[in-house]
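Asker: Two chains, two frames, a set of hints: combine them into the complex.
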Amino acid sequence: MTTILKLNKYLVLFAMLLLVSSCNDYLNEPQENLIYTRDIDYTDTQNMIMPLIGAYADFQSRGWEDIPLIAVRGDDVNAGGLGDQQDYAETDKFKYNKDYWMYNSAWLGLYSDVVGINSAIGQIEQYKQYAANKSLADQYISEAKVLRGFLLLQLSRVWGSVFIPAFSGPVDNTLYTKQQVMEHIIAQMDEAIPNLPDLHPKQRSDIRGGVTRYTALAVKAIANLELKNYQGVADATSQIISSQKFSLEPDFYKLFKIHGKLSNENILEIQYSDFGKGTGDNISHLFAFYGPQNWTPKVAQSGSGWGFFEPSLKYIKFMLDRNETVRLETSVLFTNRGIAEIQKDSKYATLPTFVSNTTRSGDRINDYPRALFASGKHYLPSEELTPGRTDYGTNKNYIVIRYAEILLMHAEALTRGASSSAMTADAAVNLVRARAGLTPLNNVTSAQVMDEKYAELAMEWGIRFYDMVRLERYSDLSYEGRTFNADLIYLPYPQAQVDQIPALKEKK
Amino acid sequence: MKKLFFLFSFILSVTIISAQQRTAVSGKVTDKSNLGLPGVTILEKGTQNGTITDFDGNYSLQVSPQATLVFSFVGFQSVEQEIAGRSVINIVLQETTLDLDEVIVVGYGTLTVKDLTSSITTVKNEELVKTPSGQAMQALQGKVAGLQVVSSGAPGASPTVRVRGIGSYPGRNAESPLYVVDGMFFNSIDFINPSDIATISVLKDASAAAIYGVRAANGVILIETKSGSYNQKSEIMYEGYYGMQIAQNVLKMANAEQYTNMALESGSAADASYILNAMQRYGRSRVNPNVPDVNTDWYKEILRPASIQNHGLSFSGGSETATYSIGVNYFGQEGILDMKNEYERFNIRSKVDFKANDWLTIGGNMIFSNAMNYGAQNSAWEQAYFAVPILPVYDEENIAATPVRYASAKNMGYRGSQNPMPTMDYNFNRLKNRKLIANVYAQIDIIPKKLDFKSTYNHSFSALNERNVGLPYTIDDLSGRPLATINKSMSVYSEQSWDNILTFSNTADRHRYTVMAGTSFRDDAYEGLWASGIDFPWQNEESWYIGQAVTKPEDGVGDGGMRQYGFSYLGRISYSYNDRYLAYATFRADGSSKYQEKWGYFPTVGLGWVLSEENFMRDSKLFDYLKLRASWGQLGNDKLPASDGASTTSVVYTAIDDERIAGHKTEDSFSWLKWEMTEETNVGITARMAKSRLSVDADYYIRDTKNAVIGVAIPFTRITVMRNAGVFRNSGFELALNWTDNLANGLGYSLGANIATLKNEVRDLYGQPYLDGGQAEFRQRTIVGSSLLAFFGYETLGVYQNQAEIDADPIAKANNLVPGDFRYKDQNNDQKIDDDDRVVLGSYFPDFTYGFNGGLTYKNFELSVSTFGQMGNKILNRKRGEIIWTNDLNMDADLAKNRWHGEGTSNKYPSSAGLRKGWNQKMSDYFVEDGSFFRIQNVQLAYNLKNVTLTGVKLPDSRISFTAERPLTMFKYNGFNPEVANGIDRQTYPIPAVYTVGLNVKF
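First to last, the protein sequences are chains F and X. Heads up: the first sequence at position 347 corresponds to 346 in numbering that gives the first Met the number 0, and the numbers run straight through without jumps. Heads up: the second sequence at position 497 corresponds to 496 in numbering that gives the first Met the number 0, and the numbers run straight through without jumps.
It cannot be assumed that every hint is accurate.
What the hints assert, rightly or not - Computed cross-link-like contacts, EDC-like style, restricted to lysine to aspartate or glutamate with a CA-CA straight-line distance of at most 16 Å:
| no. | chain 1 | residue 1 | chain 2 | residue 2 |
| --- | --- | --- | --- | --- |
| 1 | X | K831 | F | D98 |
| 2 | F | K94 | X | D833 |
| 3 | F | K260 | X | D656 |
| 4 | F | K297 | X | D476 |
| 5 | F | K201 | X | D656 |
| 6 | F | K201 | X | E658 |
| 7 | F | K276 | X | D657 |
| 8 | X | K824 | X | D834 |
| 9 | X | K354 | X | D444 |
| 10 | X | K597 | F | D24 |
| 11 | F | K276 | X | E553 |
| 12 | X | K431 | X | E341 |
| 13 | X | K487 | X | E526 |
| 14 | X | K113 | X | E613 |
| 15 | X | K971 | X | D893 |
| 16 | F | K201 | X | D657 |
| 17 | X | K232 | X | D956 |
| 18 | F | K97 | X | D834 |
Honestly, the hints are just simulated from the structure, not real lab data. Remember, predicted model here, so these are calculated numbers, not experimental data.
For reference, chain X alone in the conformation it holds in the complex (with noise of 0.2 Å):
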């Protein structure tokens, strides 16, 4: 009866239409930069008459001469226009980067951005371009509040990050989030181009999350990548830069005078008699007679400018019934290290999608990455970071240095040869990585727009072959390799899942929900296998084989294998009462073939209100759109160790009368593990003001890890096996602004600020009062009431500046300190400096991030800023550390400059001497420092080539950009940069900052 009812007030209004008098309207649709926008719908407000705009964006249609024309595309602003008697009209869209009806991914489907009840945030594609990085995830470092990004300056490294703090015992490669490319699970995206990526979601709450049930406790960032549309018209893209990479912030080292001076007042014989043999050696500076005329700045012998480039040629479009893009893409890396480091990735992909029939979709995607990366020796930074100076790079005198008379330092007496040269060009490290995924689907439409159900089967496969050679040298009678050695592994990865997913979906009277349920199977291979040898013909690498290798050790062989399944049930409903109150739930049940216990199941739900749909804020001037939303959930983390649950041996070896024997070793401790399961609470508002130029979200979350696998150790052994007996919480509040408006005469901006904290807490450890981490010297520890892994030492109080202060002080005399050593804090007040006073002395993770962003667009410029920064973090300066070990090397220059000499010359850094007493090497807070910074992360400016003719032809548009990626960084800390992962600085490659040029056309 209503259908009928339907059809008649339809056929009776194109009636009463067709009866009034027509008038011709037609124009252009075009997004800012003045492309045709194809597939934009036209409709005559209020009526069932309308059009879609055509592949170069051109509508024509016949209205009422009174009529209002809507016009509507997905992405972009729906804007109105009265025809007020024109007959052509052109219309720029907006895009709607704050658009509310936008639709998002959500995993296993999509939701509109005003439905979700969680916290997501989604950066495009031309937000991600912007940083010339081989990582996509490197272009998302601050900008995503709660999303931690440090760097790498390593060419082809991934950046280290983190969703939200860490809620699993560092360091077991167990922290990272997942990341789910086109409904692929990966644990890292270092194969994809970034400009190959259409969206970048990162579900930070649970209630986003907990759809990937137990692989989500991390965070889960969700990748789609570019796909065609149907009824687009095809399109060639050209996408390119080229640039430079420069070391900043060159941690500038005692030169050769500082050196002397800091060696003469240590008081030792041996360093003086080290400095007369290098004058003896090389000579004395002219300026300086008592300073050897040797002056090596080593950073600036390993360091080069390095380059970078991008060129990717993409195709897409698509008819009525079907959609393709394709494309080829190359980026290259050198690294700033002068050795052969390098990266080189060269991709290719394809994604298609096809309507079969009326019911059935089916489509495909593949992306295959051939990428080579040639690794740094990474101890060559520690190396010169300790090369003293006063040794020259080359000594020709140096007869017994081979292939290359590189200076040794032990010639002039030093116990090491000290010299990197050596270590960069003698060695070899070569990976390729090689990784084919392809996924094909089928979509069966079961009821049109309302049921359907996707079958997707997904295959990722990875091949790894690593090759580290190192060649023979010699600097020195004592130093050097005598023989050539390689290394080689071939690992094979190969993960496959399928997918099926039913989806109902429906809008009745003031109700809408959506219906998800599905299952996934999931079949996880890896298999490894790696050898070496010793003593092969190096001269041509055509031979640099074990095969060719004199010497094969036993120990050098080995393998390794590894199968898991899983297989998993989930399901959602999204549901949303007259746009007002929302209310969302997932449920995940996972078995997995890697534990003992082989379910888990997790849950979560959200609620949304939307106030601004409520009576009493319709009128709100204030308010544009305001929700508050809630949720909660549990979340899975099994990147741990399977889970042996028994009593396992294994093959030792012996050495009996110069024969190798092999034995058996049974270990009766065993790990018994589960999965850790993650509970989170989340509380957020979403507004829009200010006529919705003004977006605001902001979260305030509580994540506990409720059984965190931690170690604990077996009494009487060194044994520590893997229990689920932490709990650990990370807590914090996330706001993120945006303003955007466009002014007349063609000037638009943007405005962006986003903030977040941080704090981690360790809540307990199975009645352990603490685990002990880190080196015994530099002592990390994970205390309950602190967080993970805390630097713990001593709490120094200055430097004693004279004898009264020594006299006055029992400590200082007990210890028979001298003007020049530390002053502790006695924590405990018991007259002594003991273990017992050492405290914690900060943490590696930042307490308090934040972005700001800005962008102005004029006619065809656009320039855009974005900055970035952190506090609280601490960074241990294990470089400086190292004088526990050998205190006769090199140290940076504000170390030299402001060491103590002298009463009233430094209440920070101890004397000379001092630095190498054991009473000054204590673990404290002078190893300890600030990490804090602040910096200019990204500045662009790109001018638009539009409708230009040359000589009567048109050229392609295209787009010209200029970029400096982190051309400025500030920092206290007294090191090459303040982005280290983990904490400790001991060879951290350095963060470079780059300056490219970059090319689009658009054929």
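Bound-form chain F, shown alone (with noise of 0.2 Å):
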């Protein structure tokens, strides 16, 4: 009995033993709940689509504090005054803090977008090998490289010299020039532009209102501009003018409201929706930062934005002293304070009807401690929102690049001696000036496009502080206050950026 036990005892701990040498081979198991980039099918190229989808995701993610830094020094908005994000305000006064958050982020936004879309240009090409049809890769590829290209235009506007990420393989360790960053544009747009759809962008089927020929074009006569080779800026606008595939939206007003969604007049727009939905899924911007404090909308329970955009006195003032009427009523939302402000002038003591808190889609603004005036243009009617939705402006697209900016350009380019059979500076300007409900210009001057810019354009992307800086009119900036100077054009290089890359630190 004992020995049967004792046999019992040493089978119990052999068998267990057995067991336990077994286990070992658990430990290769993969992770759970991922996809590996290297189990990617390339074979299947219908799916050859899906990283330039994830491009545009990228571009169209904006963070909210992105385009506000790029454009707010400009003499047509203001940062908007008390309360939080004071270094904001400060960098509209032009006095910058290199370790202000906003300016890394900034950086961050824009630069891991760059090398973001740079990752799908090589996962395009990963499926080019298999294409069939290995021209619909060079245009995807292409569409991605106009994306980086405009990413990096802005990145060059806000701190001159910067890095240039290359398609694969770590960033170089090298800064170039803005001249350099923009030739490196011009360069790129011109690869592109033959491999790109000869369509308006809402022709596209494949991707609505994605990048075509021209916006590579529109790219590339924005970098011109920056670089003063207007003849090249002639060069590009009067390609699309003379495509003829392009046209203002006659109603100025609702070209920033959802009609303007894939309007004729847009060349490049970020795409926001709420799939006509109140509830659910939305993709959308973040337009509260530009909308009023406070409001009394039309339609109840929606919700009021941040104040941190507001259009300046200077810029009021100059509208109503051209007589602009539809231009202005768009561009601003008016509050009482904001009013009563601009009547402390006695020359403005009488002012148009539509100057009013009310706007002509019945929603109030209410005054509010942090600014007198909000962005008109980013301001989406109460009564637009689909109903359910109460972000502000949420639904709305967000417009980067529209036709009238084209003409304007064109019409400078001409008048800066630049010649172009498309169109003249003339036909140029009074095609947008019709529009805003002004009478055509004869003979028109570089210093009348530049108010016709100003006019137009006014919260839009920086563009009258960098047509500004470029011009080196500092004074036109030295406003309600300001001092500008030839030192203050670009912003100081993150200090959390300047902590770890080399070639900024040796800059420094």
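Answerer: Encoded structure:
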């Protein structure tokens, strides 16, 4: 009996040891719930569009601070004064803080998308080797390059000398001057243009509103403008104009509302959507940043904004002096406090009736401490919100480049000596003026074009600021207590980046 | 030959004894509460003659008339008694809290205290149950030097526990210690009923914890649940308490008059108009007609006294071949936030051991915990802080408010509705947490008493169902929730392990040693699924289902999953020579599927020298026992995320022509990680002095995380990838003193004290000078040479008092400052205040903690008091910081009263107008306050009812107790409570005082 028991004992022991030794193989199991890039099947070329959509998603998911930081320093717009984000307000006054989080965040926001788009290009190239239609792959790559070019352009406008991340491999530790960056962008656009569809973006069937040949031309024109290569500007804009695919949206007010989505006028826009439903999925931008902090919306429960983007008194008076109507009404939301501020100047004691704290869409803008005015171009009337949605401005698109800017760049280039057979400077300016309800001009001067740009493109992407910097019209930027000089053109590199990137450290 | 000699001498001695005259002795052995102790060994000194007590503690024995009896029992102090002619000897044994022969668990085995070379603190059940809490770890607050416990006031929430600082970058859920419950691994022990725990042992140093290898670096806390004992009379026990939780140190907010004053002094026309609107809407105060006739104390509105109760019934006992311990327990706790905020837990458990035959013991352990938690809507805390006192709770004229006519501050002109009541009324956050843990084991005695083999299979299975429902309401034309919302998630966790352990122990001559070797296999899996719905019939809870919702957003649907395997080899040697020299070593090799590098190796060694056993110390009057200890070891932390190890691609969505279109986003940067390795050196002493009445344990440690996982920013991307690249150090000194004595007349007392210091230091960050953390406006920075996530900002030097001071200071002039603004320290003396003038303002880690406790027993009365305090930690008063964004809200009374409002009125706070200026809103030491506090942690008075008969019927032995938990906390911080785990006080759930009445009855 004892022997049997003993035998059992060792049998049990032996069985257990045997089991234990079989457990080791599990250590090589892969992680769950991940797609490893190496596992992607590039022979399935139907998916070649996926990385491109990813690039559009990157471009669209703009952080709310990116564009305001790019745009706030012009004499068209102020930061709004009281409250938080003091260093944003200081930036508007040309007092820069290298440690301010917004600088770093905007830098990273723009660069991470450049790097993301580079990786999308790498992915499309992987598919390309198996693709039957190689030119489609080239088109996709070219679309991504245009988006990337636009982002690089913004980076260089804000910081001057910047890095150009290569399409593959690590970023080389070289700072390129603004001139070099613009030349790079122009070369990139030239590479891309032949591969891109000859369509208005809204005519595209695969990616409606996506990049076409004209988007690339527009980016190329802006890069040439930065270089003061006015013939280059005229050549690019001429091609856009001659295509006759673009026209101005007749109603300026509606251009910046739901009506303006994929308008004939838009050459590049960031698309957002609530998909027409009152609840659920919503891909949107934080338009609240631009909106008034206090309002009584026509549709109850509609959310107000944050009040961080205030049209300047200078701009409003400039517009009143010109007897502007629809453009002023569209660009500015007035509060009673703001109206009183305008009227302090006896010259403006009587104001046109549209200068009212109630918009034509029936929303009443109440006084709020941060600012006197809010941006009208970023305003979506509460009645245009999809019922059920309450976020300020949601479902609106963000217009990036529009035909009016092309016409005015074209006109400016011609007045500065460039030549074109596509359209005269007078014709271009008068197209824009006509839509604004203004009388035509003859023999327009550069100064008149610049005024027209100011009136037309205020609050849009800092176009005014970069024009003034390019033309060295620093006195225009020295307004309402500010003083601007050439040393203040570029923001300091974000300290967090300086601490990380040797080339920035050396430059310091 | 030797054996023969033994046998011979044994027979001889028995013969000799039996030849002598014998006398009978009998009696009863009891513990100090007069309960019979079964199984006590009674030996006639110097002989093999002896017996053990029966179930009731009775014994009888034949001994020689000159004999001395030795009574001994595990966990009690041995007692020697000369018979001296007596025939009845009743003995009361004292428990040996200080006893060096006490056996404690050390992970995959046990060890006696005297053989320890490491730092382990054990807390027993009777200490744990003094704290009325659902969370056992709460009871350890202030009791264990080097263990930081940060309470949480929310019902059902576990306290934050840190063993010897933080060795991993905070905020990744990777700092908490490992809990080992009866051999099973857990991240939290929120499912255990504290009174079911027999002991909690905190393994503090590397030498103690290293046997847990890759899971040990944050410290290990071993929990043994209660079990029965062999030959134990069956015992039925009721344990319960009922009590109330009362909010303590409720922060005083500015009242209507103070608030009105601040608003008017701010110089803002808008704010003045809101006050006017309030007076028009609600009338003027009769006391001060310039103040609206509303004075709401919002904290009073949202707080309530809340009940707490615990009831448990347990059965335990054992025969010669089996032991059992089974029980049921109910714990219920309401939250002090006046909404559906409560926690209930129902537990059942059983533990059995069975000696199947002379070589095989089998057993099993099962705990089922069924908890339901209605979580607080924590934003209510913040809203109550900010809501202006001139806003009433209700406003019958506010017809836009549905379904209840709550008042909205928007009606006075304010930006937000402010009223916290809808937040509490219309949110229901339910979490069901059901957990089953089960294990079975078989132990084979290969060589009896020497070599055994134990195989244990454990499975812990949890199902978490979370349902958060928001009901529709409006509070004014602009705010509310138009449609009902529901979010649901279900997760299942399954964690299995299989341990096989071989243990050999032997004593030969002066050598005593134990050798253990084993393997452990782990299989951890998780699966989760979640979805949400909008707009469903919400009137009845039966219809709170996503299926009933009109909209089910696509981006609200998701799932997750994880499966990880581990395999480990482990071993331990502990050796004692002549009880004088001790050596201890463990080794663990951990293999894991989580990382590309599969295997980690974690060794430790410990040495001990018992000086009191040396000849030169033998006659020491000072020390009864003195041991020097030193240990070194390496530990791992694998709580970090798994390493991706290669580029990954994820699905993203964008809008194209009002369609939601999917795309791919490929990340070329990826994490490449392994576990963190911590190396720790510990030196300490253990001493017993003054006839063993005083015990001293002191330790000094240095604990270096050699390859801490930190975010390494990839330039040009928002991505910070995780890399093993940081070096963090925690070091500190710990001292625990305990004095126990029994005086005549049934009076006994004990005194204890413990202190601990902690220094947390960052030593390397992969060459990066710092890592930024926290919110940009309230920067926390991890800087080499400073502590993790230290608060970082400006140092204030007071407030400018008059224009002369402004004029004299170029900085003040350059920034257009006025009297009532802060004066900041120009750290670099460049006559400018800019970001380069920021400095470290302090850390949220306390650098000194201390606890005192005392106990007094007199006859049937017991009184105990414990206190706890900490010093040196800072709290970011983030509530005050909110003024950066919205400057017309309420503020605390201290700020309102002590604001600068004229020369000499304050050098601490700016003026009301100044509070709203960017200059004064910079992150500075104005926002970062001292978090030191001292607290009376626990006071308990108990009365033991024993052998009481009522009308001839013997009543069961009972114990009645009155407990005050945290009745008094003293601190300077301008907040509700100074216990804030991460140092950022924004909407921390306040920690209430608890008063309970308890009853234990033993049948």
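Asker: Next, verify each hint and record whether it holds.
Answerer: Do the hints match the structure? See the list:
| no. | hint | result |
| --- | --- | --- |
| 1 | X/K831 to F/D98 | 15 Å, holds |
| 2 | F/K94 to X/D833 | 11 Å, holds |
| 3 | F/K260 to X/D656 | 9 Å, holds |
| 4 | F/K297 to X/D476 | 10 Å, holds |
| 5 | F/K201 to X/D656 | 9 Å, holds |
| 6 | F/K201 to X/E658 | 14 Å, holds |
| 7 | F/K276 to X/D657 | 11 Å, holds |
| 8 | X/K824 to X/D834 | 12 Å, holds |
| 9 | X/K354 to X/D444 | 11 Å, holds |
| 10 | X/K597 to F/D24 | 11 Å, holds |
| 11 | F/K276 to X/E553 | 12 Å, holds |
| 12 | X/K431 to X/E341 | 12 Å, holds |
| 13 | X/K487 to X/E526 | 14 Å, holds |
| 14 | X/K113 to X/E613 | 15 Å, holds |
| 15 | X/K971 to X/D893 | 11 Å, holds |
| 16 | F/K201 to X/D657 | 12 Å, holds |
| 17 | X/K232 to X/D956 | 15 Å, holds |
| 18 | F/K97 to X/D834 | 8 Å, holds |
No hint from the list above goes unmet by this structure.
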